[in-house]
Amino acid sequence: MSTQNSRAKQLIILSGKGGTGKTSISAAFAHLNADQEEPRPMVFVDADVDAANLSLVLQPGNLDPKEFWGGSLAEIDPEKCINCGACSAVCRYDAIFPDPKNDQVQWIDPIACDGCAACVYACPEGAISMVRQQEGNWFQSNTPYGTLFHAELFPGRENSGKLVTLIKQQARLYAEDIQSQCVVIDGPPGIGCPVISACAGTDLGLIVTEPSLMGLHDLKRVLGTLRHFHVPSVICINKADIYPEGTRAIREYAAAEGIELIGEIPYDEKVPRAMIEGKPVTVLFPDSFAAKAIQEVWHKTTSLLQLQED
Amino acid sequence: MQIAVASGKGGTGKTTIATSLALSLASLAKVRYFDCDVEAPNGHLFLKPEFSESTPAVIRIPQIQTEKCTACGRCVEVCEFHALAQVGKNILVFPQLCHGCGSCTWNCPENVIVEVPNPIGTLERGMALENIEFFRGLLTISEPMPTPIIRQLKKRVHPQPNTINIYDAPPGASCSVVETLRGVDFALLVTEPTPFGLHDLKQMLGILSDMNIPSGVVINRDGIGDDSLEETLREFNIPVLLRVPFDRALAENLASGRTLVDVYPEYRNALRDLYQQITEIVGGKTK
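Chains as they are written, first to last, in our numbering: chain A, 5 to 314; chain B, 118 to 404.
Calculated from the structure, these hints are not laboratory results.
Be careful, since some hints might not be right.
Unchecked claim - Some residues of chain A that are not near chain B, with every Cβ distance over 10 Å (derived): (1) 41; (2) 170; (3) 178; (4) 182; (5) 184; (6) 229; (7) 252; (8) 291; (9) 293; (10) 296; (11) 300.
Unchecked claim - Listed below are the simulated EDC-like cross-link pairs for lysine to aspartate or glutamate, each with C-alpha atoms no more than 20 Å apart in a straight line: (12) A:304 / A:207; (13) A:283 / B:344; (14) A:224 / A:256; (15) A:274 / B:364; (16) B:272 / A:113; (17) A:13 / A:180; (18) A:274 / B:339; (19) A:166 / B:364; (20) B:272 / A:98; (21) A:274 / B:343; (22) A:274 / B:369.
Even glycine gets a Cβ: it sits at the ideal position worked out from N, Cα and C.
Using the sequences and the hints, build the whole thing.
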């Protein structure tokens with residue numbers, strides 16, 4: 005046992021394009037780690053907080069929701085409003101209109117309000133105040149494969165990046181408590197604010213792509229993002245046999261960029277079947293082509309993260 | 118008519134349906150296609166526009182005229198996004214946190230803040246296949262905020278009668294999806310019959326009910342999953358407007374950049390019928 009209490013390594017799984025298989029692969033990783041004689045203590049994070057699916061496969065028992073309070077939205081007190089229009093004059097989000105129920109006062113559309121508070125300061129009557137918003141819940145859950153940190157952003161809300169940062173911090177603290185070597189983060193699609201929050205401070209990026217023009221186009225953008233934040237990255241191709249020419253193009257791109265291609269997972273109808281059963285594919289169909297290939301990707305990933313074997 | 122194509126879950130086939138819908142309707146009306154997935158836009162791979170215009174998408178960020186600044190700290194105090202900070206007599210601006218709301222500018226008692234454009238992406242426009250007018254926003258890598266780009270992209274042109282605007286939405290169910298949906302007449306939801314597809318579709322239905330936007334569903338990869346999707350759609354009273362069965366040959370063709378209606382031309386009529394159903398639903402709602 006090491007005497008130094010070293011920080012857990014963080015793996016971020018990204019794709020750019022949605023639906024390439026990040027969550028199915030993350031779930032299989034959780035099972036493959038737990039399924040050893042002496043499993044490494046490992047912590048999992050679902051950082052796709054507005055379309056969170058990892059818990060549908062890892063199936064935690066009881067959920068213990070903790071509230072996530074994000075930003076604030078402006079609200080007008082109709083009793084104080086004199087309908088002068090100073091608020092709508094400063095609003096850059098087209099969020100302030102005459103109240104549909106009473107056109108003698110102004111009303112702020114909560115869907116359009118950005119929470120900037122410019123109107124609060126513009127109002128001569130002090131009729132507008134900022135009201136803090138609960139924007140979701142987060143959970144620390146026990147699953148058959150380890151502890152999962154996940155969240156549900158309420159539909160349509162902002163601040164997904166803040167919520168990602170919050171659950172990642174909680175996961176890091178917990179990883180220290182249990183002396184875990186590794187935190188595995190199932191990332192969101194895209195390259196914007198929740199992706200940036202998810203990849204901050206991570207040690208390795210695993211990009212799960214698919215062999216299509218779309219997969220390659222978005223892979224380039226997510227690789228650019230990981231490079232910008234100095235996260236070393238590797239690629240694996242999911243559904244690799246669907247379009248062999250696309251797979252060749254990704255191989256060539258990876259070689260030209262000097263990025264290691266650590267695996268090719270074939271299309272396998274066992275993957276959606278396992279998802280429907282709510283189990284990792286490696287649990288239900290351990291001998292399937294996809295499960296075998298994912299196992300290989302997992303072994304390469306753990307060796308890249310230099311996790312110690314017990 | 119303004120139609121958003123959205124899904125919740127990523128990779129369900131939004132762009133497949135949105136591009137083929139645009140192609141199917143192009144002979145009936147003037148069609149404009151807006152790729153609002155500014156983080157990972159893919160519509161151009163299918164509709165092959167020739168971009169003739171490219172303008173920067175900007176946020177107006179504060180610049181402090183330091184020689185006149187009294188370092189009173191009012192700008193820092195009013196900024197809800199922590200985009201300004203005071204260190205001694207200096208005010209620092211963090212462009213990536215700034216929402217460009219203007220609050221600091223208006224609240225500065227000395228009037229020493231000017232606003233300068235900070236580019237966070239590009240807005241492009243050009244003509245695509247079958248005379249479709251194509252608009253695309255592109256978030257610059259490492260920039261966090263897609264929503265201002267979507268907002269600016271949608272404002273490039275005013276909706277006109279007899280014009281069909283199709284907005285290809287980003288995945289997920291957060292603020293960028295809401296920005297795409299604002300002001301549309303109808304949301305066409307593309308999903309797959311799996312637990313992930315269903316879970317994320319429910320998030321979308323929550324947003325649409327808050328925004329009072331009618332919707333209908335395209336079930337893509339029909340046959341790979343189970344019945345729970347259809348049960349939910351019945352429960353919420355959401356019509357299924359089209360089914361596209363899972364087909365490996367189709368998946369391969371789409372991967373190479375061919376469109377659904379190019380591979381299977383019979384979907385042109387199916388998508389025109391779908392549009393007809395949308396007009397009936399939207400017309401029924403406004404009556």
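The hints, checked one at a time:
1. 41: holds, 31 Å
2. 170: holds, 15 Å
3. 178: Fine: 25 Å to the nearest Cβ keeps residue 178 of chain A off the interface.
4. 182: The assertion about residue 182 of chain A holds, with a minimum of 29 Å to chain B.
5. 184: holds, 27 Å
6. 229: violated, 5 Å
7. 252: Check passes; 12 Å lies beyond 10 Å.
8. 291: holds, 21 Å
9. 293: At about 15 Å from chain B, residue 293 of chain A clears the 10 Å cut-off, so the statement holds.
10. 296: Per Cβ check, residue 296 of chain A is outside 10 Å of chain B; nearest 20 Å; holds.
11. 300: holds, 23 Å
12. A:304 / A:207: holds, 15 Å
13. A:283 / B:344: Distance ~18 Å between residue 283 of chain A and residue 344 of chain B Cα, so the pair holds.
14. A:224 / A:256: holds, 13 Å
15. A:274 / B:364: The hint holds at about 16 Å.
16. B:272 / A:113: Holds - the C-alpha atoms of residue 113 of chain A and residue 272 of chain B are around 19 Å apart, at most 20 Å.
17. A:13 / A:180: holds, 11 Å
18. A:274 / B:339: Answer holds: residue 274 of chain A to residue 339 of chain B is near 16 Å, not above 20 Å.
19. A:166 / B:364: violated, 40 Å
20. B:272 / A:98: Distance ~12 Å between residue 272 of chain B and residue 98 of chain A Cα, so the pair holds.
21. A:274 / B:343: holds, 14 Å
22. A:274 / B:369: Holds, at about 19 Å.
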